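Asker: So you can see what is in the structure, the chains are spelled out below.
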Amino acid sequence: MIAKTIGLSSMLALGCTLLLAPAANGQGLMVTGYANIEYINPQGGTHTFDAHNLNLILIGKLRGDLFAAGEIEYEHGGEEIALEYAYLAFTRWRNLNIVAGKFIVPFGSFNVNHPAWINKVPGRPFGFDRVLPATYNDIGVMLRGALPAGFLSRVTYDVWAVNGLAGAPGGDLRGMRDNLIDVDKSKSLGGRLAFVHRLGFEIAASVLTGTYNDSLGLGVTMIGADAAFQRSGFEIKGEVVQATQQAPGGDLKKNGFYAQTSYLVVAWLEPTVRYSQMDFPGASNRDLREISAGVSLYPSDIGALRLFYRINGERSVPEVKDNQFIAQFTVGF
Amino acid sequence: MFALAKGSKETPLVGLGALLLALLVVPASAQQQKPSGADVWSTNCGRCHRVRAVDAYTASQWESVVTHMALTARLTYDETQAVREFLVGAAQARERAASSAASASRQPLRLASRGNVGVVPLDSRCCDPTVGGAIFKAQCVACHGPGGKGNGPAAAALNPRPANLADAARMEKLSDDSLLQIVTAGRLTMPGYGRTLTPEQVREVVAYVRGLKP
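Taken in order, these protein sequences are the chains called A and B. Sequential numbering from 20 applies to the first sequence in the numbering used here. Sequential numbering from 23 applies to the second sequence in the numbering used here.
What the hints contain is simulated information worked out from the structure, not anything from laboratory work. Among the clues, some could well be false.
[As the list claims (entries may be wrong)] Okay, derived cross-link-like pairs now, DMTMM-like style, lysine to aspartate or glutamate, Cα gap no bigger than 25 Å in a straight line: (1) A:K272 x A:D320; (2) B:K171 x A:D320; (3) B:K235 x B:D199; (4) B:K56 x A:D320; (5) B:K235 x B:E194; (6) A:K121 x A:E92; (7) B:K171 x B:E117; (8) B:K56 x A:D84; (9) B:K171 x B:D100.
Just so we're clear, the structure is a prediction, and the values are computed from it rather than from any experiment.
Go ahead and model the full structure; you've got the sequences and the hints to work with.
Answerer: Here it is as structure tokens:
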């Protein structure tokens, strides 16, 4: 019922926008985007170049307060082509924006801030790979906004209703994305509530719940928290997520966590360290650890060359040796 | 019918719903004093990515970028309006200055005696340090720092870094006309203030900057 109410009222508001908003030609329609090229040398594996992604983003105002954005992603030299997002946003009210279409689900921080030119460490942290399956985008409606909470500080919120994950009982959550035309009657509902302070810290909590297998009535619920602090070139942030996935044999718990810190020594040099882990109690081969350490070199404000060594730890027998050296050149244009 | 996962935690969702209702009924008068665009820009844009130079886009492009980023960063309405005015306005001022310069180059004799269009030169009647200081504090401190040394809270995210305005050797190389033009139209990562400030206010702040000590 909640999902239906959000969905129908949002669609109605968007429809009214199209009818009532003053006509205006597209303002500032522009193509932007980012690209990411890597050289990966894994321990005991084959080293390779990877044209990891080239993402083209089209943004622009359509009519009045109606804004549109879309992103097409070419991955691995064109091996995969996908629509990362394509949405309409209605931005008329002070404290409320309505987004409809395909959007990146704003659970936590990393899922939204995953692009390589923003993410200061190459690759996804464990926990945002197989627990929350970043990049997780979905189709539906989202209400988003902010309210002042002191000078230059604010409380922000996101509430969304989407098709949700769909897949086999007890299956890998990552493989449950792309439920573009919903295979069942159930929708997924979620939200994120955050406090952003002008001194540089942000703290937030997220929740996501829905049915992933309608025939057996199996659901998945995720809860998460993220926090960050930035000041004078120093940054520390972390995020935790826990998924409770119902399965025929009992609930599966999937936990993920990462912490990351960096310091902009000079305008062109930023060392960064990240630790991440993922625990699947009862499934030991999914208990993974990672430490990535390296530097980002910034030749300009749009590009970065990142040189990192990633130490992977996997609790399995025999132990997997897959540490990696990664050189990544990324541009946000 | 919407189906929550069995055993899911509905309490957070109810809380979010209640918050949403509260946000919708908060009257505008109950909200905070309006922030400056420079403050919003310096405290928010560097949270996720390297801060873009203010001359990276045209005014119409900044309009779309600001809408996109304000939505993504979940800025408040007033913050969005302030940073839009700051970046779009600066780009418009820059475009006007470029247009005027092009026009001046076509008509050098008629405009030569007026100096740069939109810039009021310093003269003996200028200026009041309290006025310039107040403008500096509101518009410049975020990047240049309270002493003008280029060490404001936003400085770390900027490449190139903000200029050290208290560096006497550096400032001696810049004429008053150059400073007036930079403040009006912007340069590198610094936005122009030709739309935000009147020519007289630009003059006041330049005079204040001239008085900064190392």
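Asker: Are the Cα atoms of K121 of chain A and E92 of chain A separated by 25 Å or less?
Answerer: Holds, because 14 Å separates the two Cα atoms, which is no more than 25 Å.
Asker: Sort out whether D199 of chain B lies within 25 Å of K235 of chain B, counting only the CA atoms.
Answerer: Holds: K235 of chain B and D199 of chain B sit about 20 Å apart, inside 25 Å.
Asker: Assess, step by step, whether the Cα of K171 of chain B is no farther than 25 Å from the Cα of D100 of chain B, and give holds or violated.
Answerer: Violated: K171 of chain B and D100 of chain B sit about 29 Å apart, past 25 Å.
Asker: Verify the proposed pairing of K272 of chain A with D320 of chain A, using a straight-line Cα cut of 25 Å.
Answerer: violated (41 Å)
Asker: Are the Cα atoms of K171 of chain B and E117 of chain B separated by 25 Å or less?
Answerer: Judged against 25 Å, a Cα distance of about 29 Å means the pair is violated.
Asker: Hint check: K235 of chain B vs E194 of chain B, CA-CA at most 25 Å. Holds or violated?
Answerer: This hinted pair holds, its Cα atoms lying about 13 Å apart.
Asker: Does D84 of chain A sit within 25 Å of K56 of chain B, going by the straight-line distance between their CA atoms?
Answerer: Within the cut-off at roughly 21 Å; holds.
Asker: K56 of chain B and D320 of chain A were given as a pair; does the straight-line alpha-carbon distance stay at or below 25 Å?
Answerer: Answer violated: K56 of chain B to D320 of chain A is near 29 Å, above 25 Å.
Asker: Assess, step by step, whether the Cα of K171 of chain B is no farther than 25 Å from the Cα of D320 of chain A, and give holds or violated.
Answerer: holds (21 Å)
In this structure, the hints that do not hold are numbers 1, 4, 7, 9, in rising order.
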